Amino acid sequence: MKKWSYLKFLLFFLLLANEKIKAQPFNLDERIVPAELQFEDFKKEGEDKANGRISINKLVQENDTSYYFIKGLNMYSPTYFSLNSADAGADITVNLCKENWHEVRHTGEVKGKSIWKTNFKTEGDFGIMVVAKKKPASYVLLVWTGNEMKVDMPSVFKNGTDGTGSNNSSGWFKKNMTVIIVAVVALLIIAFLLIKLKKKNP
Amino acid sequence: MKKVILILSAMFLSYALTAQDDDLSLGGDNDPAEAVNEAYENLQGYMDWLEERRNEWNTVQNFSPGECSPDFNASSGAMMNSTCANNAACSECYEKAVGELNFIRRQLGRLSCIYSNTKNFNESALAFGDNMSGIHAVTGIAWQNERGGIIAEFNHFKQTYDSKYTDMMGALQRALQGIGTCEQQYGLPDWYQRFGFIYFEFMKDKYKRTD
Chain A
1 MKKWSYLKFL LFFLLLANEK IKAQPFNLDE RIVPAELQFE DFKKEGEDKA NGRISINKLV
61 QENDTSYYFI KGLNMYSPTY FSLNSADAGA DITVNLCKEN WHEVRHTGEV KGKSIWKTNF
121 KTEGDFGIMV VAKKKPASYV LLVWTGNEMK VDMPSVFKNG TDGTGSNNSS GWFKKNMTVI
181 IVAVVALLII AFLLIKLKKK NP
Chain B
1 MKKVILILSA MFLSYALTAQ DDDLSLGGDN DPAEAVNEAY ENLQGYMDWL EERRNEWNTV
61 QNFSPGECSP DFNASSGAMM NSTCANNAAC SECYEKAVGE LNFIRRQLGR LSCIYSNTKN
121 FNESALAFGD NMSGIHAVTG IAWQNERGGI IAEFNHFKQT YDSKYTDMMG ALQRALQGIG
181 TCEQQYGLPD WYQRFGFIYF EFMKDKYKRT D
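The listed protein sequences derive, respectively, from chains A and B.
The letter at position 17 of the first sequence is residue 17 when you use the working numbering, and the numbering goes up by one with no holes.
The letter at position 87 of the second sequence is residue 87 when you use the working numbering, and the numbering goes up by one with no holes.
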């Protein structure tokens, strides 16, 4: 497919992500104003696996609860989240939300110099609620999302091939080759023993 | 004049000292650089884990248990015959055409999930708003206005989906016709009419918005 077609689809999904009615957990409380975290390109020379986008934020929290959100995620890409503190007295609870701030989908605690991390895949955005029991709380909040992963798709062809003959062409045989070889060898041995036995006792 | 310069110098000095104090307060036992390094080290650990699973998208968990995951299965009646598997020249032609078909399948899966997630998000938002409006600072009337806005935006989103669905069906048809061209050269001359068309109709139905 031509390059412009890929770009057209990419652009469309970016626009669609922005069109989504609320790009953060739904909320009726006007006092809650989540701050948007920004992604920037992330590349490491010689490490393709690291390619993607990252948002790394050094934060100092003076209030009880802070709210953040991040958008632009792709369901075919892996996403990693971590919150850690270098403060020995840190006592932080972190909640990750999607629909609204009351429905917590992932939760963790950071007590002292420690880290809480999780990973997942999702489309669009998610919200981050950080509750600090001791203030001021200083921490580092990191979100990384990689490039799209390979998604295995079942064949749409009746013989189970993708038509290219490059894979699955002898899928069953390839998968069970060891079992088949062992079975054939076992049969040969049995046949050989039977013949020998017959010769001994004619 | 000297006095003004002196006052300005004093102001600058006091500002510089305050800024230095701020920097100092971040050092020592609570060193943000140490925390940043630790964050990067842990990310590296995740990347190593991921490297072993680069092609296993299914091993990565969904953010929410109910989140949409694309269903790429086709019913057996819609599956297509291919005469290409054992023909090297045809395989080469097929590789590009099937690559395009799979690309469209992925995008259709994603489009459908975005729709389904957005629909669920809106339904959840409306239910949440209906429940909370009575007990929250937002008055009933204000919520009713907001509710109307959410419904209107979702209706607009439906139109966007429909327009994109039409575009993608065009792209799917072109990809299937590409396979048909390969078959015409190396296998079944009327492949699209016999098999491609049935699959196209199946996909049209599968991704058509029904609400």
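Treat the hints as calculated values from the structure; they're not laboratory data.
Being a predicted model, the structure only gives us computed values, none of them experimental.
One or more hints might be untrue.
What the hints assert, rightly or not - Capping the alpha-carbon separation at 25 Å, the derived lysine to aspartate or glutamate pairs in DMTMM-like fashion look like this:
id, chain 1, residue 1, chain 2, residue 2
1, A, LYS158, B, GLU38
2, A, LYS71, B, ASP71
3, A, LYS135, B, GLU38
Claimed, not checked - Selected chain A positions facing chain B (Cβ under 10 Å, derived; list incomplete):
id, residue
4, PHE26
5, ASP29
6, LYS44
7, LYS58
8, GLN61
9, HIS102
What the hints assert, rightly or not - These stretches of chain A come out as covered by chain B in the derived footprint (C-beta under 8 Å, 3 or more residues):
id, segment
10, 63–72
11, 93–100
12, 195–201
The beta carbon of each residue, even a glycine, is placed where N, CA and C say it ideally should be.
Now the hints, each set against the structure:
no.	hint	result
1	A:LYS158 - B:GLU38	violated, 51 Å
2	A:LYS71 - B:ASP71	holds, 24 Å
3	A:LYS135 - B:GLU38	holds, 22 Å
4	PHE26	holds, 4 Å
5	ASP29	holds, 7 Å
6	LYS44	holds, 9 Å
7	LYS58	holds, 5 Å
8	GLN61	violated, 13 Å
9	HIS102	holds, 8 Å
10	63–72	violated (count 0)
11	93–100	holds (count 4)
12	195–201	violated (count 0)
Against the hints set out earlier in the document, violations occur for numbers 1, 8, 10, 12.
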